[in-house]
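All chains should be modelled from the sequences, with the hints used to inform the complete structure.
These protein sequence lines map, in sequence, to chains A and B.
Residue 2 is where the first sequence starts when you use the working numbering, and the numbers rise one by one after that.
Residue 2 is where the second sequence starts when you use the working numbering, and the numbers rise one by one after that.
It is worth saying that the hints were derived from the structure and are not from the lab.
Hints are supplied without guarantee of correctness; some may be wrong.
No distinction is drawn between identical chains; accordingly, a pair holds when it is met within one copy or between any pair of copies.
Derived EDC-like pairs: lysine to aspartate or glutamate, alpha-carbon spacing no greater than 16 Å straight-line [to be verified]:
1. Lys19 - Glu323
2. Lys78 - Asp143
3. Lys330 - Asp87
4. Lys19 - Asp324
5. Lys240 - Asp219
There are 2 protein chains.
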Amino acid sequence: MPELRKDPVLGRWIIISKERGSRPVDFVVEEYATKGGFCPLCPGNENTTPPEVLVYGREPSSLSNTPGWNLRVVPNKYPALVIEGDVDKEGVGIFDRMNGIGAHEVLVESPVHDETFIDLPPERMVQVFWAFRDRILDLGRDPRFKYVMVFKNSGRAAGASLEHSHSQLIALPILPRMIVSELEGSLSYYKYKERCIYCDVIRQELKEDIRVVCQNDDFVTLMPFAPRSPFEMWILPKKHSSSYITLPDSSFHSLTEIFSESMRRLNACIPNVPYNFVLHGAPLRSEALDYFHWHFEIRPKLSTIAGFEWGSGFYINSMPPEDAAQYLKDAIPA
Amino acid sequence: MPELRKDPVLGRWIIISKERGSRPVDFVVEEYATKGGFCPLCPGNENTTPPEVLVYGREPSSLSNTPGWNLRVVPNKYPALVIEGDVDKEGVGIFDRMNGIGAHEVLVESPVHDETFIDLPPERMVQVFWAFRDRILDLGRDPRFKYVMVFKNSGRAAGASLEHSHSQLIALPILPRMIVSELEGSLSYYKYKERCIYCDVIRQELKEDIRVVCQNDDFVTLMPFAPRSPFEMWILPKKHSSSYITLPDSSFHSLTEIFSESMRRLNACIPNVPYNFVLHGAPLRSEALDYFHWHFEIRPKLSTIAGFEWGSGFYINSMPPEDAAQYLKDAIPA
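This is how it looks when you write it as structure tokens:
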């Protein structure tokens, strides 16, 4: 069983999960299923993954876990956390641990092996965003889970171990440190100003218009003032909302539109860019929060986190976001 | 001039430094001077780096910035922060910035291009540890600087842009986030227990003896209970001390001995392991702190920081530190 452990000084939790190999030799070579090799996410290989928990676009005549689908969500075969068991917390001398309870799912975004997320036509990309919502809603019913982290690794440099386009989600029994920090930081601002800091950022960015990449009626894509990585982008709803799952049905196409345009501009600028994105929203079962604002964060993986960043928590970025935003505005989305 | 910028939600500072290229194309290919190519750190090429600020083992007949040295410290030719100027802090609407004032130095650990840090014989490795101390002492006289972060990137995967063995240091006008967190976390424990948490960790680890890699009279190398990376190691002085620069002269050989043994065990286990290490000590000009304990953190670079880690601050580690410690104890140091 995987295990959650807490650093006694920093209060930072980590996951110890031996599923992916735990001998020194396992760290030397990484596997990566490229076109031509065996791919567990391709149609016809459904029996090599755990059974699907969600499927869209399944042909009426087809059976579960067989070909004939547009998008498929399955439990990760090598999960970082496992779904069965209780969250037992215990002390080990001065240390703290708990069972590695959670859910780890893979969202297969396309039946076509080499169709990337950026390639998806709007009517299929929107299904990815629907699936995020549906899985968060479903997992949120389990009282053991406090948060569902939705994320995507695209490209080997960004940590993808499979080439076939997919995103992932991990349901966690504790709030992740980064979300706690965002909640605390935005609450602290709210207490002082009685305004949402993200709303204030959006207002200032739209007015200054030097870090805005693109916008539509509902959303804006901007480069943060203090980005950790070159070409880092955030996509935020213009209207205040703390939780992704409350996004009205009518806004999903608008989200797809801006996400697609942002990624196509990035890809036009840096072809085949490896990247990650994550969804940050309020904790599961939270009431609407006046001080927090859900958003996507997109990190093109263009730099290495080396000793300085790792040891200081301080990032060095060689690309001012104002320049990056201009490059993306000038790019012609493919 | 580089710039420091603060994330308004998280309070996290980043450095914007355009020195290393700032067009999209610059992110596609990375340079890496391998054996056979031109190396600015090799003897004979001293004129391609800024003039040396510290040198050890210079032959009496040789001139500064010419061959004939064992170890050489020079300002980084492409510094993340610059030494000239004032730390002007200013607001930009709701954002905060300051000038990128600091020092960024390169410590060339050997005149021999392909002699690695791990290869260094004790009487030369000790010079590296002396140099860390001497540079921290010197830079600590500049009242603009609050902290000197000493770090090493070894191997391209760990962020090294030059093959020739070197470490680096960056003097910063603000305390890095990670140090602030360690100081706050250990102070909070001290207020409750009136003991140093690191001393308590060392006591428990030596007693349990399941995460200890090696030890001598003065130091212990252990795997932390909640490591972010496989085979992460910490080297701590057994006797409480908050600041590296107060390490007595007599202990430098002992530090060299344990550092060398730890790294040789690691390298025997995972040949040519890419790694980072960082030195964490008290802030510059700090009085002796009862609650904080200086240490080195060593991170073998064996995993990728992907979307989940980046977006959550939560690390997944597939190697339990107890197993890793056993592998290293069983290894025969090369």
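TODO: Could you place Lys19 and Glu323 in one of the four classes (within, between, both, neither) given a Cα distance threshold of 16 Å?
DONE: between (42 Å within a copy, 12 Å between copies)
Open item on the list: Within, between, both or neither: how does the pair Lys240, Asp219 come out at a Cα-Cα threshold of 16 Å?
Closed with: within (7 Å within a copy, 59 Å between copies)
Task: 16 Å Cα threshold - placement of Asp324 relative to Lys19 - done: between (43 Å within a copy, 11 Å between copies)
- [ ] Could you figure out if Lys78 and Asp143 sit no more than 16 Å apart (CA to CA) within one copy, between two copies, both or neither?
- [x] neither (21 Å within a copy, 55 Å between copies)
- [ ] Have a look at Lys330 and Asp87 and pick one of within, between, both or neither, based on CA distance no larger than 16 Å.
- [x] neither (50 Å within a copy, 34 Å between copies)
The structure does not agree with the numbered hints 2, 3 stated previously, though it agrees with the rest.
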